[in-house]
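Please work from the sequences and hints to get the whole structure.
Quick note, the sequences are listed as chains A and B, same order.
1 is the number of the first residue of the first sequence in this note's numbering; add one for each residue after it.
1 is the number of the first residue of the second sequence in this note's numbering; add one for each residue after it.
Honestly, the hints are just simulated from the structure, not real lab data.
Hints may contain errors.
With a cut-off of at most 30 Å between alpha-carbon atoms, the simulated DSS-like pairs for lysine-lysine come out as follows [unchecked claim]:
(1) B:K200 to A:K202
(2) B:K319 to A:K234
(3) A:K234 to B:K326
Computed from a prediction, not measured in an experiment: that's the story for all the values here.
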Amino acid sequence: MKSTLLLAILLMTASVGAQGRAAQAPAAARADAPIDLTGQWVAIISEDWRWRMITPPKGDIVSIPLNLQGQQAADAWDPAKDEAAGEQCKAYGAPGLMRGPIRMRISWQDDSTLKVETDYGTQTRLLRFAAASSPGSRSLQGFTSAQWIVRGGGRGATRYGSLKTITNNLRPGYLRKNGVPYSERAQFTEHWDVHSLPNGDKYLVNTNVVDDPVYLQAPFQTAIHYKLERDTSKWDPTPCDARF
Amino acid sequence: MGSNTMRREILRPTTHRPSTLLRAPRARAEGRGTEAQRQRIKKILCVSVSLCVGMIMLDKPAFAQVELGGTYAIRMYEDYIERGPGSFLGDFTGMPMSDEGRAKALRYSSSLPSTIERQCLAQSPWVGMYRPLALRFWSEVDESGRVVAWVMGGDYLRDTVRIWMDGRPHPSANAWHSPSGFTTGHWEGDTLVARTTHVKTAWIRRGVGIPGSDQSTFTAFITRRENLLTIMTVQEDPIYLTEPHVVSRVWEFDPRGSQGPLRDTCNVGVEIPSLEDTGEVPHYLPGQNPEEDYMVRTYNIPKEAAMGFAHTLYPEYRKTLRSTYKPPESCGRYCCGWIERQGLPGAAPGLTCNDGNLPAELRKAITAPAR
Numbered sequence: 001m002k003s004t005l006l007l008a009i010l011l012m013t014a015s016v017g018a019q020g021r022a023a024q025a026p027a028a029a030r031a032d033a034p035i036d037l038t039g040q041w042v043a044i045i046s047e048d049w050r051w052r053m054i055t056p057p058k059g060d061i062v063s064i065p066l067n068l069q070g071q072q073a074a075d076a077w078d079p080a081k082d083e084a085a086g087e088q089c090k091a092y093g094a095p096g097l098m099r100g101p102i103r104m105r106i107s108w109q110d111d112s113t114l115k116v117e118t119d120y121g122t123q124t125r126l127l128r129f130a131a132a133s134s135p136g137s138r139s140l141q142g143f144t145s146a147q148w149i150v151r152g153g154g155r156g157a158t159r160y161g162s163l164k165t166i167t168n169n170l171r172p173g174y175l176r177k178n179g180v181p182y183s184e185r186a187q188f189t190e191h192w193d194v195h196s197l198p199n200g201d202k203y204l205v206n207t208n209v210v211d212d213p214v215y216l217q218a219p220f221q222t223a224i225h226y227k228l229e230r231d232t233s234k235w236d237p238t239p240c241d242a243r244f
Numbered sequence: 001m002g003s004n005t006m007r008r009e010i011l012r013p014t015t016h017r018p019s020t021l022l023r024a025p026r027a028r029a030e031g032r033g034t035e036a037q038r039q040r041i042k043k044i045l046c047v048s049v050s051l052c053v054g055m056i057m058l059d060k061p062a063f064a065q066v067e068l069g070g071t072y073a074i075r076m077y078e079d080y081i082e083r084g085p086g087s088f089l090g091d092f093t094g095m096p097m098s099d100e101g102r103a104k105a106l107r108y109s110s111s112l113p114s115t116i117e118r119q120c121l122a123q124s125p126w127v128g129m130y131r132p133l134a135l136r137f138w139s140e141v142d143e144s145g146r147v148v149a150w151v152m153g154g155d156y157l158r159d160t161v162r163i164w165m166d167g168r169p170h171p172s173a174n175a176w177h178s179p180s181g182f183t184t185g186h187w188e189g190d191t192l193v194a195r196t197t198h199v200k201t202a203w204i205r206r207g208v209g210i211p212g213s214d215q216s217t218f219t220a221f222i223t224r225r226e227n228l229l230t231i232m233t234v235q236e237d238p239i240y241l242t243e244p245h246v247v248s249r250v251w252e253f254d255p256r257g258s259q260g261p262l263r264d265t266c267n268v269g270v271e272i273p274s275l276e277d278t279g280e281v282p283h284y285l286p287g288q289n290p291e292e293d294y295m296v297r298t299y300n301i302p303k304e305a306a307m308g309f310a311h312t313l314y315p316e317y318r319k320t321l322r323s324t325y326k327p328p329e330s331c332g333r334y335c336c337g338w339i340e341r342q343g344l345p346g347a348a349p350g351l352t353c354n355d356g357n358l359p360a361e362l363r364k365a366i367t368a369p370a371r
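Put into structure tokens, the structure is as follows:
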């Protein structure tokens, strides 16, 4: 009978322990996913339309907390120079890409890596749950570490959660198509949530923060929303473009 | 032993037939206790303790929901112009408007909100998504401490939004529509999901006349993660929208903001004396709004994008834009994140970008090298 009591206590303890935990064993990331991020998502450009759908004029830095150095860098934007240097993808690095007019396909590359592909600029981001021995050299998409934030799930309750990712090791890029800069010291933190409506529509909300001690005087915090598409026919890969 | 059997054992009146549990000590004292009786006592004790612990735990939520209470500072890094100085007239970009909504918005005149009857019209539930001020959340609890409602206050000017958490149903469709609407909520993990019905006719964006009807419903997803608060609203309106209007915003927890005043009362007054008691409703007749082409002539964007057609919200619309859009030569107005404040308290230090409104003397003063 002692074993009955012990079992009951152990079950309850395990249940409580399952709540609010983070950082699953890397190999179990796919199986342990509390939310399903896979599928094709389209950005709904209902905010900042004039800055996201088209390239705004040079010097239009409204709403981005640039410091003086950042403003000077934005004022020096020259797309022709970027093209000549083979840098026409500078606005397609992770911090700028996610706010772009994108469709993205999210899938599991393996049990511990989520792959995010975009048609806009044909970029690929890898969200890695497993620890890497070395992040490698700096790149447009940087190195992204990922962890599930799990809530609930005890005693048969519904399991909820979100994904937290941190990206660094970035090459310098643009937050906005018209040359609003971020530096190689920028860190890009994202929280990925999936919300559903009663009619079955699903939305992905990416709450993100760009910290950049070089060009920003305050963290740049935004929330970007996407809708899940059942019809994937509008996927339209287009190369980077420094001007449009 | 099943739980019902055990409950009968515990609750059985001892005056009629002493329970095994209560009879056992006397039996032991009398040296008549058997091994079977001792096992029975242990069994009852074990199950009772387990059940008590279980009941205590089941009385609480399966996990602790996020504490929403507190004040959240605005972070206007999105839709700055709509939330700050106010939209340009004729700028309906990013909106999925119906023909009726577009027609009504184009009749809007900047003097319209000055009429007494319409001074509070702009304020409706979730209008905070387009306002420039902070939010505050607090809970209302019953005698047992259980949260009955979360209340969202701030720059609503007409009322707070009370999110009922006690499972009450929404009223009849024919019930009164109040300034704050009627909202219920439930938790999904760290997200408070709220649904609002029974709203009044209102304007969706500030200063531009985009209408929302009293048949609008809102689903709001409120997520607090560490110090960041994210709210995404999905507004559905069968009258003035052709598809849900989705907005997502970020606020940041402000531990020193709790003493700030709430602006939750809309006070009306005469703003344009010449309008008083005239019965006039400022408006433009169809086709006569002089700002209908403002976005076309100022930013070179197609008129259908400025006029809020839903298909212009999606990436494929860039194919149309690519062949028609020519960027303006320069940014002429509202180019900084802190327009109207350059060089003033609260301004971003050192920024000298063109806001289009700054007096020349002030611009000269703040752009002079620091000594």
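Okay, the hints, checked on the actual structure:
1. Distance restraint check for B:K200 and A:K202: the Cα-Cα separation of roughly 27 Å lies within the 30 Å cut-off, and the hinted pair is therefore satisfied.
2. This hinted pair checks out: B:K319 and A:K234 have alpha carbons roughly 12 Å apart, not beyond 30 Å.
3. Distance restraint check for A:K234 and B:K326: the Cα-Cα separation of roughly 25 Å lies within the 30 Å cut-off, and the hinted pair is therefore satisfied.
Consistency note: the structure conflicts with none of the earlier hints.
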